[in-house]
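Visitor: Here is what each chain is made of, one letter per residue.
There are 2 protein chains.
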Amino acid sequence: MRTLIIISLILFFCAPDGRAQENDYTAHVNPFIGTERMGHTFPGAVAPFGFVQLSPDTDTIAYEKNGAYNPDVYAYCAGYQWEDPTIVGFSHTHFSGTGHSDLGDMLLMPTMGTLKLNPGTEDDPDAGYRSRFSHREEGASPGYYHVRLQDYDIDVELTASERVGMHRYTFHREGPVHVILDMLHGIYNYPEKNVWTFMRVESDRRVTGWRQTSGWARTRTVYFAMEFDRPFHAYGHEKTDSAIYRGFYRKFDETRGFPEMAGRGIRAYFDFDAEKGEQLQVKMALSAVSTEGALRNLAAQVPHWDFDALRAITARKWNRELSRVHAETIDEEDRTIFYTALYHAFIAPAVYEDVDGSYRGLDQNIHQSDGFENYTIFSLWDTYRALHPLFTLLQPRRTHDMIESMLAHQEQSVHGMLPVWSHHANENWCMIGYHSVSVIADAAVKGVYEDDLPRALDACVTTARYGLYDGLGDYMRLGYVPSDGNRASVSKTLEYAYDDWAIAQLARTAGDASVEKSFLRRAATWRNNYDAGSGFMRPRRSDGAWVEDFDPLDTHGQG
Amino acid sequence: MRTLIIISLILFFCAPDGRAQENDYTAHVNPFIGTERMGHTFPGAVAPFGFVQLSPDTDTIAYEKNGAYNPDVYAYCAGYQWEDPTIVGFSHTHFSGTGHSDLGDMLLMPTMGTLKLNPGTEDDPDAGYRSRFSHREEGASPGYYHVRLQDYDIDVELTASERVGMHRYTFHREGPVHVILDMLHGIYNYPEKNVWTFMRVESDRRVTGWRQTSGWARTRTVYFAMEFDRPFHAYGHEKTDSAIYRGFYRKFDETRGFPEMAGRGIRAYFDFDAEKGEQLQVKMALSAVSTEGALRNLAAQVPHWDFDALRAITARKWNRELSRVHAETIDEEDRTIFYTALYHAFIAPAVYEDVDGSYRGLDQNIHQSDGFENYTIFSLWDTYRALHPLFTLLQPRRTHDMIESMLAHQEQSVHGMLPVWSHHANENWCMIGYHSVSVIADAAVKGVYEDDLPRALDACVTTARYGLYDGLGDYMRLGYVPSDGNRASVSKTLEYAYDDWAIAQLARTAGDASVEKSFLRRAATWRNNYDAGSGFMRPRRSDGAWVEDFDPLDTHGQG
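Protein chains in written order, with my numbering: chain A, 3 to 561; chain B, 3 to 561.
In short, the hints are calculated from the structure, not lab data. Computed from a prediction, not measured in an experiment: that's the story for all the values here. Treat the hints loosely; a few may be bogus.
Identical chains blur together in the list; that is why a pair holds if it fits in one copy or across any two.
No more than 20 Å apart at the CA atoms, straight line, and that leaves these computed lysine to any residue pairs for SDA-like [claimed, not checked]:
#1 Lys278 - Phe230
#2 Lys253 - Leu474
#3 Lys241 - Tyr192
#4 Lys253 - Arg467
#5 Lys241 - Gln214
#6 Lys278 - Arg170
Based on the sequences and whatever the hints tell you, model everything.
Guide: Rendered as structure tokens:
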């Protein structure tokens, strides 16, 4: 930053927040920061740490092209690219700031005119349901997003609670409206990613269902309950299944007005008629537990149809979270950069339980959180250095709950491992290290997590002794990760050694001298990759010899 | 039957059963009756009305051949064909006596020698894990089955409780043993039938997981928990997934010793070493709720390793059920025919809830049975005429519970319909009519179901007025099902009219004169298809005209 910033940190634990009453910190947030090129943020509507992250997706680039990875997909980690001229629709889950992707569940898109059940392409948007848009007719603030869909003259507004996304569509033409619900849409998509989709039209306003995918999260299911504020007069769907077996559903015309839809990939539509100036609202509640859970979340969180009230509540929640830091600066641009960064810091991890505390665990069974709120999306390699230590200071209650969530994950893990990179009841195994231990040690040392230190230490030690994991067996045997058979071997040694040091600190806090000593010894393993001759860290083979020729760019692999 | 049989019906409600103490009715059951050609029974081990129906499958004919229905598959509805020379393995769910099929979940097969992870073919059994067998080395009685696998010199014995199948393998050679768990195997199988399979190796004896399929039941999941009586020393799997995206699981060698497996179709193996004469036992518990539910079922129903005790308990349960009818005859063959038929009558519907009363409902949510045990497999077109009326007499408590199960199904149905042909939390829509109403009316008129007649009547009326169903809208409009646009139109009119008469009887019992009158009027609709000129029932078009030329063989369609 170019100017001097004086930051005074004020930590609020539970008391009402005077600063938030005096200041509107949300005015300094620009959700569009980071939406260009590889920033991997999204501009849509989200409550602080909310499970529902409702945002426009500007394209659906396929993860694979001609049977291989398509590097263009990387720009779409968060679904939105500033340079794109069209919006495909508005999906309800996104990653913010990650270097790989998934999600993009339950895409809704309001359209007018001819029904189109495919998204079309950027080059030929008229071939599908997508629409052109302009940044001049688009805006966003914490918990709120709006855009004009130029092809349909529809103003779309979005807001969200933690578990419910709310849409308000204003029509500027009269005529037939088709709201598309594309269950096939996804981020980092490929033909076999959708495992199963299921929908029930429960009434002429209410639809429930789920989407099951196999992507970065290998076995992932998201349930939904959707409600319109007035009845649709028709509905139907297409699906992508190729199997010729249809069983005895063949006695029905399933494509129109049949309330039970299931298959690999469903694209459904719901029809209304619009007068000029009329509005239509939709609520989409999510759950990782069941459609019953999604209905419960809907009833508990947004029982009303007051879009502006929900928007105001979520803005207040954001202001309260942002008020945890009062930054004084003479420059409004710096203030915007600062509060937008703080806003982005408070988007993930995300709450991952129903309003009744039930959640899907790593073992895919339904568990009940006891004394904590369950969180997901632990991007730990990316976040253990700065984000989680910041949370230890600014979000002590959530830090405590995140640690409880990690410990529950470890208990549910068939590997007995804490999260490496986890999301939506899955370990996705991305990146290296076992950095949960660093987050836990930091919180324990600072007294933010104090509940059961022996349990926490045991979870860390079990994780660090799981020989099947990514060179860890070799590391324990040799004192370093050998380069033969391992990518990024030096990075792994260094990160394991750091993590082991963190475990030693936790052991000291827990009063376990034996574990402390043992892990301090492991923490010294970095020396085995230190080449005193060159003064650099350097890979070694399993026979102990230094690797002579290696490509340093190749050592930063994702495992 | 050729000789005179005097049957005395004795109905037991809950009192201990003196007759069962005096007689062994199970000795008169031959489970192989009906296993030839199109009998569609299986010889395996099952408890009365048990969810687990553990039986050998003698082949895996594909449902499709060259993109079309393969008529040969029909012989394998129950998985077993008497004429076949080989056994593929032992799967844990089967239909008995149906005219379409599904299931065949979690096939286990003990093998010796070289590991083979495909089933092989009848022509070349040595190419796969299947084995030759002989009827001389095979036998079965209620709750028990045994066979010698000739290719491996292994004696296989099977027994079962309602929710747990138990295997005992006796090895007659020493050497390496591979127990195959084929999650891809299924009855009426085709390449895309498996939607997802998931497995966790929880310890060196315990494995949990599930199989999700889309077949006759469109959205079906069966969970399992499997335990061996001693540790396996190695394990691994292959899977059939074609997607190139593997995420970051690619950092592991998943094929051997990796405890977390997931994909479209898993074939796993578990390795042991056998001495000559040694035994190995396996327990496989099923649940429709979760792996946690399967573990609970295992712990509650078969906490021990005493195969002979479980076999004896299940035999006693069978004897008690069979003792409900004491048939006196001079001819042992007739006795066998009679008691085998009674045995087959008590195999389905099957209990479909965990030991704690939780079950998967038609809405795919988890429900709790309250005051009844939940049942599934309602083959109503096949069973409303004889089987259910027999149950009303012989199985009043189960009849009551089956009706409660049907009413719960109706409440969970997005169509508001009672079961037509339902299994495993699905309506499969096979055959015609809405014959649940006949079962309910019979039980209500006879006082076997008395709990809430208005609720039962409302469920029947709602079902009978669902215009989207199979010509029912036309039937209500015209007074008959027109032949244009409907197959089996005359049969539908006749069956709807009969069902409407049954609803009228229920209405009279419930004291609802208005519904009684209305449905007695509907019950007269059969007259609209009666051609007085020919004295035959005859199809009419929607304009009222008789159809002149029609193929009577074409009117018996499955909808």
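Visitor: Each of the hints needs a verdict: does it hold here or not?
Guide: Structure-based check of each hint:
no. : hint            : verdict
1   : Lys278 - Phe230 : within (19 Å within a copy, 68 Å between copies)
2   : Lys253 - Leu474 : between (57 Å within a copy, 12 Å between copies)
3   : Lys241 - Tyr192 : both (15 Å within a copy, 19 Å between copies)
4   : Lys253 - Arg467 : between (57 Å within a copy, 17 Å between copies)
5   : Lys241 - Gln214 : both (15 Å within a copy, 19 Å between copies)
6   : Lys278 - Arg170 : within (15 Å within a copy, 73 Å between copies)
Checked against the numbered hints listed earlier, the structure breaks none of them; every hint is satisfied.
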